[in-house]
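Here the protein sequences line up with chains U and W, keeping their order. Residue numbers are given in the working numbering: position 150 of the first sequence equals residue 160, and the series is strictly consecutive. Residue numbers are given in the working numbering: position 250 of the second sequence equals residue 304, and the series is strictly consecutive.
Be a bit skeptical, because a hint or two may be false.
[Said to hold, decoys possible] Some chain U residues judged to face chain W by a derived CB distance under 10 Å, without partners named:
1. W30
2. V41
3. T45
4. I50
5. G73
6. Q109
7. V110
8. G111
[What the hints assert, rightly or not] Simulated pairs of lysine to aspartate or glutamate, EDC-like, Cα-Cα distance not exceeding 20 Å:
9. U/K150 x W/E700
10. W/K688 x W/D97
11. U/K129 x W/E700
12. U/K142 x W/D163
13. W/K693 x U/E64
14. W/K562 x W/E272
15. W/K289 x W/E373
16. U/K142 x W/D705
17. U/K72 x W/E139
18. W/K227 x W/E272
19. W/K688 x U/E139
20. U/K150 x W/D705
21. U/K72 x W/D705
22. U/K129 x W/E571
[Unchecked claim] Stretch by stretch, here's where chain W covers chain U in the computed footprint (C-beta under 8 Å, at least three residues):
23. 52-58
24. 62-71
25. 92-103
Derived from the structure by calculation, the hints contain no laboratory data. Ideal Cβ placement from N, Cα and C applies to all residues, glycine included.
What follows is the residue order along each chain.
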Amino acid sequence: MSEPKNNGFEPNIIAFLCRWCSYAGADLAGVSRMTYPSNIIPMRVNCSGRVDAEMIIRAFEKGADGVLIGGCHPGDCHYVNGNYKTRRRVLLLKRALEQVGIDPKRLHLEWISASEGTKFQRTVTSLTERIKQLGPSPVKNDPANRCYRPK
Amino acid sequence: MPQPRIGIFVCHCGLNIKRTVDTQAITEALGEYPGVAFATDYDYMCSDPGQRLIKEAITEQRLTGIVIAACSPAMHEPTFRRAAEEAGMNPYLCEMANIREQCSWVHQDREAATKKALRIVNTIIEKVRGNHPLEPVEIDHVNKCLVIGAGIAGIQAALDVAESGFAVILVEKEPTIGGHMAQLSETFPTLDCSQCILTPKMVEVSRHPNITLLTYSEVVNVSGYVGNYTVTIRKNPTYVDPDKCNLCGDCENVCPESTESEFERGLVQRKAIYIPFRQAIPSSYTLDEETCLGLRPLRCNECAKVCDPKAIDYDMLPEIIEEEVAAIIVATGYELHPISSLGEYGAGLIPDVIDGLQFERLLSASGPTGGEVRRPSDGKIPKKVVFVQCAGSRDPEHHNAYCSKICCMYTSKHALLYRHVVPDGEAVIFYIDIRAGGKGYEEFVQHAIEEERILYLRGKVSKIYREGDHVIVWGVDTLSNRLVEIEADLVVLAISIDPHPSNPILSKVLKISCDAEGFFKEAHPKLRPVESLTAGIFLAGAGEGPKDIPEAVSQGSGAAAKAVTLLVQEKLSHSPEVVDINENICSGCGICVNMCPYAALAVNGGGVAEVNEVLCEGCGTCVSACPTGAAQLKNMTTKQLNNMIEVALRDV
Numbered sequence: 011m012s013e014p015k016n017n018g019f020e021p022n023i024i025a026f027l028c029r030w031c032s033y034a035g036a037d038l039a040g041v042s043r044m045t046y047p048s049n050i051i052p053m054r055v056n057c058s059g060r061v062d063a064e065m066i067i068r069a070f071e072k073g074a075d076g077v078l079i080g081g082c083h084p085g086d087c088h089y090v091n092g093n094y095k096t097r098r099r100v101l102l103l104k105r106a107l108e109q110v111g112i113d114p115k116r117l118h119l120e121w122i123s124a125s126e127g128t129k130f131q132r133t134v135t136s137l138t139e140r141i142k143q144l145g146p147s148p149v150k151n152d153p154a155n156r157c158y159r160p161k
Numbered sequence: 055m056p057q058p059r060i061g062i063f064v065c066h067c068g069l070n071i072k073r074t075v076d077t078q079a080i081t082e083a084l085g086e087y088p089g090v091a092f093a094t095d096y097d098y099m100c101s102d103p104g105q106r107l108i109k110e111a112i113t114e115q116r117l118t119g120i121v122i123a124a125c126s127p128a129m130h131e132p133t134f135r136r137a138a139e140e141a142g143m144n145p146y147l148c149e150m151a152n153i154r155e156q157c158s159w160v161h162q163d164r165e166a167a168t169k170k171a172l173r174i175v176n177t178i179i180e181k182v183r184g185n186h187p188l189e190p191v192e193i194d195h196v197n198k199c200l201v202i203g204a205g206i207a208g209i210q211a212a213l214d215v216a217e218s219g220f221a222v223i224l225v226e227k228e229p230t231i232g233g234h235m236a237q238l239s240e241t242f243p244t245l246d247c248s249q250c251i252l253t254p255k256m257v258e259v260s261r262h263p264n265i266t267l268l269t270y271s272e273v274v275n276v277s278g279y280v281g282n283y284t285v286t287i288r289k290n291p292t293y294v295d296p297d298k299c300n301l302c303g304d305c306e307n308v309c310p311e312s313t314e315s316e317f318e319r320g321l322v323q324r325k326a327i328y329i330p331f332r333q334a335i336p337s338s339y340t341l342d343e344e345t346c347l348g349l350r351p352l353r354c355n356e357c358a359k360v361c362d363p364k365a366i367d368y369d370m371l372p373e374i375i376e377e378e379v380a381a382i383i384v385a386t387g388y389e390l391h392p393i394s395s396l397g398e399y400g401a402g403l404i405p406d407v408i409d410g411l412q413f414e415r416l417l418s419a420s421g422p423t424g425g426e427v428r429r430p431s432d433g434k435i436p437k438k439v440v441f442v443q444c445a446g447s448r449d450p451e452h453h454n455a456y457c458s459k460i461c462c463m464y465t466s467k468h469a470l471l472y473r474h475v476v477p478d479g480e481a482v483i484f485y486i487d488i489r490a491g492g493k494g495y496e497e498f499v500q501h502a503i504e505e506e507r508i509l510y511l512r513g514k515v516s517k518i519y520r521e522g523d524h525v526i527v528w529g530v531d532t533l534s535n536r537l538v539e540i541e542a543d544l545v546v547l548a549i550s551i552d553p554h555p556s557n558p559i560l561s562k563v564l565k566i567s568c569d570a571e572g573f574f575k576e577a578h579p580k581l582r583p584v585e586s587l588t589a590g591i592f593l594a595g596a597g598e599g600p601k602d603i604p605e606a607v608s609q610g611s612g613a614a615a616k617a618v619t620l621l622v623q624e625k626l627s628h629s630p631e632v633v634d635i636n637e638n639i640c641s642g643c644g645i646c647v648n649m650c651p652y653a654a655l656a657v658n659g660g661g662v663a664e665v666n667e668v669l670c671e672g673c674g675t676c677v678s679a680c681p682t683g684a685a686q687l688k689n690m691t692t693k694q695l696n697n698m699i700e701v702a703l704r705d706v
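In isolation and in its complexed conformation, chain U is listed as follows (with noise of 0.2 Å):
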């Protein structure tokens, strides 16, 4: 994708979404022709708990902009629990994203049902909306600035 200079910023953003109620979501958003973004690519997991940190700093290294992380409603996961360890895990890694230079602020978690594909379309529009703000990350075309290699 060319990618407009300045203030035509058009950031990456990835998306994990949990298979039973974010990606039930995202379609609903979708059956009900809402309009959002493009900037989101969505990418289905299981569960919001099998979103490691790895997977989050792999994305912000490939050159990501944001993350985005949906999950079921605490106490409505699919696989009881995960979403649970998600949110714990999440505040963790947004302190760490912190120390390596990367606004945590880019790393949203956010409990979306399968009924709510107004939420999905509200949260992809406002995240992408801060993402612009906050500018490209400044993992992209800095090596030097890699908090993580892979294995």
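Since chain U is already given, all that's left is putting chain W on it; use the hints.
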């Protein structure tokens, strides 16, 4: 490993995808992607010619994997996987790229949408490149079914499974089966007497050779998996032998202790030794240990002294029963939202403000008043009754956000029956709006409004308080835009339906999820309404969400049909997309064991983690936690994910 030969099939979905995504351009671009041997597009891939196109390409192009770029996998993944299988390809080598719901339908800029579609398909190609052929896991199973809860939904489910020739264990927490339906007087919209249609079914349950009935019992533990669940049931002691009890009632007469009758919803008292109602099944008395003066040590043995058939046994102990079952049907039912939480309506402190079920008991011929409507405070026949709908429902700020579904209908029925019993009485109903969807329901309400002179006021009630002999109701009539104050003799609240209090406990025991309100969560709200997300556990009745009798019965039958579908199979299969442990790098730390919500992992004698493939549901929580990377989801490995992330961010 041979070079991958991946086939790409881009669907136009009529104009649904084609309008915003340049399908031709992406097909051309995808044809150039490394590992792609074939790429084509078509109007409707899911149609018969579309599927034929896929099957032919699989054979002719000797494809090693396929990607269908079309709608959401939630929609057609099974369709295309079946097609792949028919062409001789392992179905787990077929994946879908969602370029409709999450791309063409939500974007308008054609260029941007096309680029996004291409990125989405690229990620799925990377997934397919890493996929391996998988075979479903086969398992043997036992031939029994457990039904939890013996209200009308559970009764129907148990009878249907038993009629199909399979053994059923029906567990009920209360001393009798029948549930809330046994408390009702008449049922809407036909005004059938509830007892008359329910009790024959209760008797059938007690007599059916395939049903083992365990009342006053609770499911305390469940382990195992679909086809082979091990269930532990605690049968609480009733201290009365049901085979000897002849219902003479002598014990009840001499019992010195009493408490509020649960069945009559506190309108009258019952003794410590009691039978909930005369038609109870099993037909026997129960000694409620909590109300009794004391059994250990024995403080009073009046009941045993007068019991002629010697049915009372103070030494009875709780019994722990273990059973093996293939399927479990959960039919816990509902409870009313506590009246004490409705402060604005007197919080249960005004005796003449009662709930709908109490009013059912007042209307019931077998109730404490013999079917005469007499108010609890002084036994007078109320001449003006106010019915308040949505008491605790559709009130997200204070109570439940959802609609309890049955209240519009039963309030209409209450007012109508009241007018039949007290012809000179006045009935006023406060409503937000009337939801009468159902066969004959709207006609029933219309009849109540037009023929029975019931006054419907559209508006909410803000306050109810007692003044002398009366109950004052403050409300608003939003149609005439006036504040209303009514001096009533009796107020009946159509109180919101809560999930049964045992739901949170059972959801842990059964490892099934509840929604935010506490009702059991179905596998799919439209297409799998009687299944839980755990294989072999099915749902029926109001434990899954508020519903009326016909719906509860249909769901009971539906859940039974699902259970029988499973029971008749010779072997069961389970998705193979589960976790796999690389024994060479597993350190045996056991972190995954604690993470697993299904107890599917254990560290074996060899000091490495081992997966029970039947128990594993493939959530991947353990994968995230595994410090060495030994735990991997089949066909969704970290390597695959990393590749997918990389191509998702690559310029196209």
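Structure-based check of each hint:
Taking 10 Å as the C-beta cut-off, the interface hint given for U/W30 holds, the closest approach to chain W being about 7 Å. The closest approach between the C-beta of U/V41 and any C-beta of chain W is roughly 6 Å, which is under the 10 Å cut-off, so the hint is satisfied. Interface hint status for U/T45: upheld, as the beta-carbon distance to the closest one in chain W is roughly 6 Å, under 10 Å. At its closest, the beta carbon of U/I50 sits 8 Å from a beta carbon of chain W; the interface hint therefore holds under the 10 Å criterion.
This hint holds: U/G73 has a C-beta 4 Å from the nearest C-beta of chain W, less than the 10 Å allowed. Interface restraint check for U/Q109: the shortest CB-CB distance to chain W comes to about 21 Å, outside 10 Å, so the restraint is violated. Because the closest C-beta pair between U/V110 and chain W is about 18 Å apart, greater than 10 Å, the hint is violated. With a least beta-carbon distance of about 19 Å to chain W, the hint placing U/G111 at the interface is violated under the 10 Å criterion.
Distance check on the hinted pair: U/K150 and W/E700 sit about 13 Å apart at the alpha-carbon level, within 20 Å; holds. For the given pair, W/K688 sits about 33 Å from W/D97 by alpha-carbon distance, which is inconsistent with the 20 Å threshold. Distance hint between U/K129 and W/E700 is unfulfilled; the C-alpha atoms sit about 27 Å from each other, more than 20 Å. Distance restraint check for U/K142 and W/D163: the Cα-Cα separation of roughly 18 Å lies within the 20 Å cut-off, and the hinted pair is therefore satisfied.
Restraint check: the Cα-Cα separation between W/K693 and U/E64 comes to about 11 Å, which is no more than 20 Å; the hinted pair holds. For the given pair, W/K562 sits about 14 Å from W/E272 by alpha-carbon distance, which is consistent with the 20 Å threshold. Restraint check for W/K289 and W/E373: the C-alpha separation of about 5 Å stays at or below 20 Å, so the hint holds. With a C-alpha separation of about 18 Å, the suggested pair U/K142 and W/D705 falls inside the 20 Å cut-off, and the hint holds.
Taken as a hint, the U/K72 and W/E139 pair is broken in the structure, with Cα atoms around 36 Å apart against an allowance of 20 Å. Straight-line distance between C-alpha atoms of W/K227 and W/E272 comes to about 6 Å, which keeps the hinted pair within the 20 Å bound. Distance hint between W/K688 and U/E139 is unfulfilled; the C-alpha atoms sit about 36 Å from each other, more than 20 Å. Taking the CA atoms of U/K150 and W/D705, the gap is about 13 Å. The hint holds against a cut of 20 Å.
A hinted pair counts as satisfied when its Cα atoms are at most 20 Å apart, and U/K72 with W/D705 qualifies at roughly 11 Å. A distance of roughly 19 Å separates the Cα atoms of U/K129 and W/E571; the hinted pair therefore holds under the 20 Å criterion. Counting residues of the region 52-58 of chain U whose beta-carbon sits less than 8 Å from any beta-carbon of chain W gives 6, enough to reach three: the coverage restraint holds. Counting residues of the region 62-71 of chain U whose CB falls under 8 Å from any CB of chain W gives 5; the rule of at least 3 is met.
Only residues whose C-beta sits within less than 8 Å of a C-beta in chain W count toward coverage, and the region 92-103 of chain U has 3 of them, enough to reach three; the restraint holds.
When held up to the earlier numbered hints, the structure conflicts with 6, 7, 8, 10, 11, 17 and 19 and fits the remainder.
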